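Visitor: Below are the chains, spelled out letter by letter.
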Amino acid sequence: MRIPATYKLCFFLILFIAAVLIACNKYDTGYSNPDDEWRNGGKQTVFDQSSKAFGHPFPSLSETLKRVHEVGDIQFEATFVSAPAPVNPGLGPIFNNVGCASCHIGDGRGKVPGAGETSVLMLFRISRAGNDPHGGPNPVPGYGDQLQNRANIGIQKEGDVSITYHDETFYFDDGAPYNLRFPTYTVTNTYTAFPTDVMLSPRVAAPVFGLGLLEAVSDADILSRADEKDNDGDGISGKPNYVWNFTTNSTTLGRFGWKANQPSLLQQVAAAYNQDIGITNSIFPKESTIGQPQYDGLSDDPELSDSILYSVEFYVKTLAVPGRRNVNEPMVQQGKQLFTSAGCDKCHTPTMRTAVNVTFPDVSNQLIHPYTDMLLHDMGDSLADHRPDFLATGNEWRTAPLWGIGLTQKVNGHNNFLHDGRARSLMEAILWHGGEALNARNKVKAMTSDERNALIKFLESL
Amino acid sequence: MLKLKYLLLWLSIGIVTIFSCTKDDNNGEVDITALNTEILQHTASNVCAASYEDLSAKAGQLLTAVNTLNTTTNDANLNACRDLWKSIRQTWEKSEAWLFGPVDVDKIDPRIDTWPVDFNDLNTVLASSDELNEEYIASLNEDHDALRGFHPIEYLLWGQNGGKTASELTVREKEYLLALAQNLKTLADEVKTSWTGGYANLLATAGTSGNSEYPSRKVAFEIIVDAMAGICDEVANGKIKDPFDAQNPKLEESPFAKNSITDFTNNIIGIMEIYQGNFAEDGKGLEDLVRAYNLSLDNEIKTKHGTAIAALKAITVPFGEAILTKQTQVQTAMDKINDLATTLEEKLKPFVQQYGN
Chain U
1 MRIPATYKLC FFLILFIAAV LIACNKYDTG YSNPDDEWRN GGKQTVFDQS SKAFGHPFPS
61 LSETLKRVHE VGDIQFEATF VSAPAPVNPG LGPIFNNVGC ASCHIGDGRG KVPGAGETSV
121 LMLFRISRAG NDPHGGPNPV PGYGDQLQNR ANIGIQKEGD VSITYHDETF YFDDGAPYNL
181 RFPTYTVTNT YTAFPTDVML SPRVAAPVFG LGLLEAVSDA DILSRADEKD NDGDGISGKP
241 NYVWNFTTNS TTLGRFGWKA NQPSLLQQVA AAYNQDIGIT NSIFPKESTI GQPQYDGLSD
301 DPELSDSILY SVEFYVKTLA VPGRRNVNEP MVQQGKQLFT SAGCDKCHTP TMRTAVNVTF
361 PDVSNQLIHP YTDMLLHDMG DSLADHRPDF LATGNEWRTA PLWGIGLTQK VNGHNNFLHD
421 GRARSLMEAI LWHGGEALNA RNKVKAMTSD ERNALIKFLE SL
Chain X
1 MLKLKYLLLW LSIGIVTIFS CTKDDNNGEV DITALNTEIL QHTASNVCAA SYEDLSAKAG
61 QLLTAVNTLN TTTNDANLNA CRDLWKSIRQ TWEKSEAWLF GPVDVDKIDP RIDTWPVDFN
121 DLNTVLASSD ELNEEYIASL NEDHDALRGF HPIEYLLWGQ NGGKTASELT VREKEYLLAL
181 AQNLKTLADE VKTSWTGGYA NLLATAGTSG NSEYPSRKVA FEIIVDAMAG ICDEVANGKI
241 KDPFDAQNPK LEESPFAKNS ITDFTNNIIG IMEIYQGNFA EDGKGLEDLV RAYNLSLDNE
301 IKTKHGTAIA ALKAITVPFG EAILTKQTQV QTAMDKINDL ATTLEEKLKP FVQQYGN
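Line order of the protein sequences matches chains U and X. So that you can map any letter, position 267 of the first sequence is 267 in the working numbering, and since no number is skipped, the others follow by simple counting. So that you can map any letter, position 86 of the second sequence is 86 in the working numbering, and since no number is skipped, the others follow by simple counting.
Only chain U is shown next, with the shape it has when bound in the complex (with noise of 0.2 Å):
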């Protein structure tokens, strides 16, 4: 029998359409895209690993929203002075930095001064025992809950910390000695008697990117990954922070902050321009001199106008995540496996994705890689700072993010880690890692040396 033309033509047809289908097809189960692993913050990636990295803009960003973020970026920026002047007024009376990138510099890390240097990328929060009226830390009589070490002239400022460090070595089980530096705080040159019985935390400014996704991750997920009483008995625990939110005179699920003692951005904002910069908002309307006698006793406040307040909520929450680096590299893939195995991944939460919102949506339903619970974890007495903070313990501090880390000494200049920097490079921080975490450091102390490279090459690309 003789196949007429046409119907050889439609088999082929069909069998190349069958073809392209099977090669097209995507693999729904375990299936990932092989770029997502590139993209950290979802669509709000950018590929630039300059010393700028951390300082864009969503790229999805329309150009409306771009020139608010812009109007953020300025004030970001932009250097506080004392009251009353025509730019810029409401620096003080006393305060921490000039403004919000005096810290974070390139949106990134606050750096420990070196030897004879003032604090003035870190600072430190001070309690004494016992609760605010809204549960979180008491505060210290004349001293309020932040030492503000720096001043306008003719003002007194509340203190300095001195800072000392002595270093210890330890040895990996290959053998191989590494050094550890622990850290001394010493309040010094306070202007009025300083109780003996005050808790001092430490905190290095965080770096700012991203921030905007982690705060669309919803309760819900986040509450998800929380096993208090560590019910699957793996060891880890994870925690949710429970805090004040001022804005909704509530308390509410903690998010940012090395104790997530902040519940959103706009309160995180606010409260570093009143307690970082001494500049009054809607939000903390009273200067934090407020019954010291550094007290500036003008009639100006809220210093700050709700237009820049939002403007710089805005910015922070619209800072891109920085695209990863060398991500095919084997020692990259072994070391992620590395991470892995060791349980890293536990705390350190590689994959999330943000709520649906309808509202927002540059921040909407994105896959995102932010290496953090947003949880609260025992870290051990070593890096405890026997501070609570809401919720959180003396020994607890939430998982920090991982994403961009790697490009910490491109942006900023050092590799210093941790909530009070002592970490000199990427492995110390992790040699640091106790409590909770002590297994995960354990099993990166019994590595070779050949894969605790292969570790570090890891973080290094994310």
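No lab work stands behind these hints, which were simulated from the structure alone. Please note: incorrect hints may appear among the correct ones.
Quick list of in silico lysine-lysine cross-link-like pairs, DSSO-like style, CA-CA up to 30 Å [stated by the list, open to error]:
#1 X:326 <-> U:52
#2 X:313 <-> X:349
#3 X:107 <-> X:250
#4 X:174 <-> X:250
#5 X:313 <-> U:286
#6 X:86 <-> X:347
#7 X:218 <-> X:284
#8 X:86 <-> U:66
#9 U:66 <-> X:347
#10 U:66 <-> X:250
#11 U:286 <-> X:174
#12 U:43 <-> X:302
#13 U:66 <-> X:174
#14 X:326 <-> X:284
#15 U:66 <-> X:284
#16 X:218 <-> X:304
#17 X:258 <-> X:313
#18 X:304 <-> U:66
#19 U:43 <-> X:164
#20 X:107 <-> X:349
#21 X:302 <-> X:218
#22 U:66 <-> X:164
#23 U:229 <-> X:250
#24 U:43 <-> U:66
#25 X:107 <-> U:52
#26 X:347 <-> U:52
#27 X:326 <-> X:164
#28 X:164 <-> X:218
Note that the coordinates shown come from a computational prediction; the quantities given were computed from them, not determined experimentally.
Chain U is fixed; fit chain X onto it per the hints.
Guide: Just chain X now, with coordinates in the frame of chain U:
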């Protein structure tokens, strides 16, 4: 079955395809590695480092002039100081087109060019009984950048409204002015030494093994282009746009000397100087790489740059006034600078990513 004539046809199509897809890697006789190395060497030493040497030399001249003003306080000596301030400011503003490296990382920029001036603190300082000398300025540490650098000097030389006469300079102001001039010289020396003492070499040897600052020449070129585009953005969307949008002359950056438009123009001139490798002396610049591969891009950059400069020069009154009375002129200047930025970001950046090896 294919007939011979079709075979011939397919063969010729194949050959043509293969040949047309072969990229001419040599592009004439350009040795791209040697050229790029030479460009980076010249840019590092004769543009960037040279600008900070110039800054340091001019800071020295200003210091001498302030000393003269303090011993013989008259309007002629005051004017000499003002001219030198404008001259050093010219160098600084040009160098903002290559604001990367030590000036950024070592925080020279905030110490030398913080704005605004803190009048209250300055008045407190002048009214105090503290001895005002360079040690005093240094002791301000980073706490009070708003009390040192270009703008407090500008404020003391010109006064709030720009009309100060020498006889109005108080003894305390002169003391503080001298201390500021000494501090400016120290800062200028610091950034100069950082460049000449090592950083210029890092840039010049980009891509050699062990150079972690510039692991490849491409990274170096990207940073240069980012800085060029960055200053456009800063001028058009910050320095000009902020006071313009707010319709507030108080937000102007150099209000006392009424030097803002000159500042902006020098910022943009700096872009062409680093592009052409022509600050202290003409030599190989990014221009030479672009001209080797893409003449029309070179032409576009120069045309848009020229248009942006012309638009700034076309502003006929001081900036603080122009944002109120000459809004079309100001808007045009912003537009033309943004045009230039677009070319740098969207064409020159991809170009160096392709050819900056």
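Visitor: Among the hints numbered above, which are violated by the structure, and what are their numbers in rising order?
Guide: 1, 5, 6, 8, 11, 12, 13, 14, 15, 19, 22, 23, 28
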